[in-house]
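Visitor: Residues per chain, in single letters:
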Amino acid sequence: MPDATFTEPTTIGAPSGETVCRVVDVRKRFGAQEILRGVSLEVKAGEVLCVLGPSGSGKTTMLRCINHLEKIDSGQIWVDGGLVGYREHRDRLYELHEREVARRRANIGMVFQRFNLFAHMTVLENITMAPVLVRRQKRSLAAERARQLLERVGLGDKVDAYPSQLSGGQQQRVAIARALAMEPKLLLFDEPTSALDPELVSGVLDVMKELAADGYTMIVVTHEIGFAREAADRIILMDQGVVVESGPPAQIIDNPREQRTKSFLSKVL
Amino acid sequence: MVSNRELTDLQPEPTGTRAADIRAVPVRHPGRWLGAAAVAVLMAQLVHTLLTNHRFEWGVVGQYFTTKSVLVGLLHTVELTVLAMAIGISLGVILAIMRLSQNRVLSMTSWAYIWFFRGTPLLVQLIFWYNLSALFPRLSVGVPFGPEFISGSANAFITTYVAGILGLGLNEGAYMAEIVRAGILSVDEGQVEAAYSLGLKRVQVLWRIVLPQAMKVVIPPTGNQTIGMLKSSSLVSVISVPELLFTVQIIYARTYQTIPLLIVASLWYLAVTTVLTIGQYYVERHFAKGASRQLPPSPLRKLGNDLKAIYDARRYVH
Ligand SMILES: Nc1ncnc2c1ncn2[C@@H]1O[C@H](COP(=O)(O)OP(=O)(O)O)[C@@H](O)[C@H]1O
Ligand SMILES: [Mg+2]
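Residue numbers (numbering that gives the first Met the number 0), protein chains in the order written: chain A, 0 to 268; chain B, 0 to 317.
Wrong hints could be hidden among the right ones.
Within a straight-line C-alpha distance of at most 30 Å, the following computed DSS-like cross-link-like pairs (lysine-lysine) qualify [stated by the list, open to error]:
hint : chain 1 : residue 1 : chain 2 : residue 2
1    : A       : K157      : B       : K230
2    : B       : K200      : B       : K288
3    : B       : K200      : A       : K70
4    : B       : K307      : A       : K157
5    : B       : K288      : B       : K307
Quick partial rundown of chain B residues pointing at chain A, CB under 10 Å, derived from the structure [stated by the list, open to error]:
hint : residue
6    : H53
7    : R54
8    : G189
9    : Y195
10   : L197
11   : A270
Bear in mind the hints are in silico, worked out from the structure with no lab data behind them.
The C-beta atom is built at its ideal place from N, Cα and C for all residues, glycine as well.
Sequences and hints are given; from them, build the entire structure.
Guide: Right, dumping it as structure tokens:
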């Protein structure tokens, strides 16, 4: 069991080997509006961090920053021992070349609220494309791996289907398989069940619980309090671009200290 | 409000036998029948004129329809269309990508190109290319402002045929650029992000995700442009490129059989257009992959369905 206590990252600099992702005092502006106002968090190997918080609090933006889909204005993000988007050399930051950004992104899996499967590709092609193109895996090997992953998410019979022929829950499980195919060091989930019909939610959550039990390192933005209680090692609550409270599920859900946590939970529970 | 639960409770118990299909007399549409009858009369009159007016000289049409010179002209027309469209589509893709680039120099250049080529008449452009040698008597390939590798007189490079293809292709590029741009913009942003998050590079995202899906939006107007090009290619007759129209013009200048020879050309344009229309249908079907749950039925299938519907409707009336 990984260490589940929250350690406020105070030191700037590369985190120790056990830390997979460290976000240090990150700020992000869109125009004049500051969306992230000094966010810090840390995820250790094998840990599941759930992120709660009202809509518009900057949760999606934070995930996108970790994946460098969005550039941060200040602070630092470390993933797997490397600075996201930059290279440090003699106290100066150099922007990474596109090639290098892509190489690092390949180690971070992302699952989106709206699935974002490639509509013109079959389920199998969706999953094998990146391993073949980015990891240079042999097509036959990638296909075999993809079939195993599909079995694992319970969709072994949908190999040749197109995304439009699947239900939302099935699409999301394919999207998870697609992310897993890259053997990511870190998995990011952005409200993976928010776009699903109620009866399809549990299928996706079950897959995610299995991944958590298998030791994947995950950051999960979610409104599913039950899932957070069961699967999270630690929960943070974000509001208006800052982390309001952080701690183990028992503390955050059952004994919140902060007023904003209490009022948020009273709305979703 | 009645909840779902109650609704299902109201359903009768399944009894094993299925309720009979509805048999109802369809609504009559006398207005439609009158309209159809009027159109039929006009059509009959048209056919009658075509067949009985001897000034159409159908015999002459038949005589020239497959002569060698006409067929060679047709071949040139098809060749011009294919090459000009190939240039137009390639250029259109490049211009569209430039137009959407973050780099202002690239996007403004593309904008200016489109502005210029859409803003001047094609006929003027063709005559311009034809007369290029007047502007630049010598053309050369080499380093800009530096040494030249190949050079020669413009007339040797720009034959009338090359001038025709260039004129049509460069003009087409401007229109295709807008079509491709619309296609690119139609692709779901989320899929692009998903591709980036898997570690794909910009060029890979463009080729694997964006362009294949842009095709669905790009193909119908491109088919339209190709058919347009088939006929615009007749404009190069003004710079004496021996395509279909120019060929029949040469013949009727000699024989004065203007109308029948224009009919010969028109029938060929119609024939090629028909082939292109059918081709477009199958290309569209190919790129509809994954877009809808079922591929649309083929035309034959559709005809079959229509006949069956008519048959069924009649059965219910009796
Ligand atoms: N690309 C963008 N440009 C401008 N504003 C943005 C952009 N992305 C997000 N925002 C704004 O940032 C705020 C936080 O958004 P988001 O991170 O999606 O919140 P959450 O995921 O917690 O609901 C919202 O007010 C949103 O309008
Ligand atoms: Mg969000």
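Visitor: Now, for every hint given, state plainly whether the structure supports it.
Guide: Hints, verified against the model:
no.: 1; hint: A:K157 / B:K230; in the structure: violated (47 Å)
no.: 2; hint: B:K200 / B:K288; in the structure: holds (24 Å)
no.: 3; hint: B:K200 / A:K70; in the structure: holds (17 Å)
no.: 4; hint: B:K307 / A:K157; in the structure: violated (34 Å)
no.: 5; hint: B:K288 / B:K307; in the structure: holds (27 Å)
no.: 6; hint: H53; in the structure: violated (56 Å)
no.: 7; hint: R54; in the structure: violated (54 Å)
no.: 8; hint: G189; in the structure: holds (4 Å)
no.: 9; hint: Y195; in the structure: holds (6 Å)
no.: 10; hint: L197; in the structure: holds (4 Å)
no.: 11; hint: A270; in the structure: violated (33 Å)
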